[in-house]
Amino acid sequence: MAATAAPLRQRVLRRDIWWLEPAALAVLFAVFVVYSAVVGVANEHYYYGPYLSPFYSPCITANCAHFTFGVPIIGEWWNLAPAIWIVAFPLAFRATCYYYRKAYYRSYFWSPAACSVPDARAKYGGETKFPFVMQNIHRYTWYPAVALVFILSYDVILAFRFPTASGGAAFGIGLGTLLMLANVVLIGLYTFSCHACRYLFGGRHDRFHTRPLAYRLWSLISVLNGRHGQYAILSLISVGLTDLYIRLLSMGVIPFDPRIVF
Amino acid sequence: MTARSGSNGGARDVTVRVWRGEDRASGGFVQYDVPADPGMVVLDVMFRVQALRAPDLAVRWNCKAGKCGSCSAEINGRPKLMCMTRVSSLPEGEPITIAPMATFPVIKDLVTDVSYNYEKAKTIPAFRPAPLEPDGTRRMYQEEVDRVQEFRKCIECFMCQNVCHVIRDHEENKEAFSGPRFFVRLAELEMHPLDTHDRIELTRAKHGLGFCNITKCCTEVCPESIHITDNAIIPLKERVVTEFYDPLAWAKRRLFGQRPRQLGEKEPAAPSDR
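Line by line, the protein sequences are chains A and B.
Oh and the first sequence: position 50 is 49 in numbering that gives the first Met the number 0, straight run, nothing missing.
Oh and the second sequence: position 228 is 227 in numbering that gives the first Met the number 0, straight run, nothing missing.
Just so you know, the hints here were simulated from the structure itself, not pulled from any lab data.
Treat the hints with care, as some may be off.
Here are some of the chain A residues that sit facing chain B, going by a computed Cβ distance under 7 Å [what the hints assert, rightly or not]:
| hint | residue |
| --- | --- |
| 1 | Y97 |
| 2 | R100 |
| 3 | R206 |
| 4 | F207 |
| 5 | H208 |
| 6 | Y214 |
| 7 | D256 |
Each pair of labels, with its calculated beta carbon distance range [unchecked claim]:
| hint | chain 1 | residue 1 | chain 2 | residue 2 | range |
| --- | --- | --- | --- | --- | --- |
| 8 | B | S114 | A | A87 | 47 to 53 Å |
| 9 | B | E171 | A | P130 | 19 to 25 Å |
| 10 | B | K66 | A | P257 | 55 to 61 Å |
| 11 | A | V222 | B | T136 | 30 to 36 Å |
| 12 | B | A248 | A | V222 | 26 to 32 Å |
| 13 | A | I156 | B | T136 | 18 to 24 Å |
| 14 | A | P143 | B | G92 | 52 to 58 Å |
Bear in mind that the values here come from a model prediction, so they are computed numbers and not experimental data.
From the three backbone atoms N, C-alpha and C, an ideal C-beta is built for every residue, glycine too.
Work the whole structure out from these sequences, hints included.
This is the structure in structure tokens:
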């Protein structure tokens, strides 16, 4: 019956495996960031006709293996990886995303690592000061993210067209096509379930009865928004796996792409 | 019934470690074994501890139905209502740890002083409805009411306040930060179709919305399943962005000679909306 004297706030009384989720996410994000950095500067094995890696889309420099818009937009003076022009946009969108903020504040900053678990730091200012006040630009990162959804969709359409021996193109479906399609669906769900999108399309209004379209859009996005975190993780994984598949095909590690060409 | 250490005349025993004391420095956990019955909730166990082992154990409770929000505590380290937590839902074969809410000063044992919340509540301006329409009524529409009605489910158990690390781990932030419960209240009023009081600057400057780093613990612990983060805090953050951080909105205000709304300034009338 002896009492144990200890200030409660400094103690973790949780009995469950509270560290598992932040630890797993920390590993996932670290793997993705390292993988992205490596493939982003690799400048090879990102195209295996007709598949283009999402890391390199849109491919806009003169040294591209495949021009998304038919012609290069950046001239021959650029001799580094084309992905460097693109990667900042999805990176900024995800880095300022409300879901990812929650995830990395927990996993890396430990503020807090889990609910009812003490903060790692003695002082805390949240998002009131630089650099975290910059999270408020999130809605501006959403617009390029929407453009990327359309561009990746265009890549998927191209991925249904396979080159023929006569030099033309034939309709077909390959494993790479399906991976790219799944990837763009997941990225689309992630992008259009965004909290800023939900706000911009209707959430900013107090009165819906004079704005039926805004109300419908807000209602639809609200449904998607409930799974925003799941879409965030699944689309992250799908981007990595799609690139990996195309990369391994291009490198010859995977000997052939299962496909049906009509 | 969860199997616990030993038995007592057919009833199983349950072992609880209850935090006892009148201040955090000298208080600590005391272990009790009491007989438990099937279907018991943790609050029942506290009653049994009071009846059989420690009649001076202080526990705050009222409805025992999950609606008054009085019996908030930390059960095995997680904020929960004692009256809504079945003993059978907790891990078997180990003591149940019951502690007072960590964010608030202890009065005695499991009873905390939650007056911080009442002081914060006083700083939120009351509902200020639009003028009556020509027919002497006010109208609002179901689709508008649905959104704010979610926020009315709050039972003020203050578990979201308790779990919020901004004040739980940083006492110094209590002055500048009001906590999730009051962002729910602010959202309820701010999004109300008939309210005319602007609370955006108030939310940012006086209630410290920027301190929130949306780690969603408030949502996790809410016994009413209010989507505090997604439906109250983040929409408020987006409104603050429009008012204070959006360069296009800022340019528009400059271009058209508008200025940011000031604390408590009445929202401009929008007759077409009424």
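Subject >> Broken hints, by number >> reply: 7, 13
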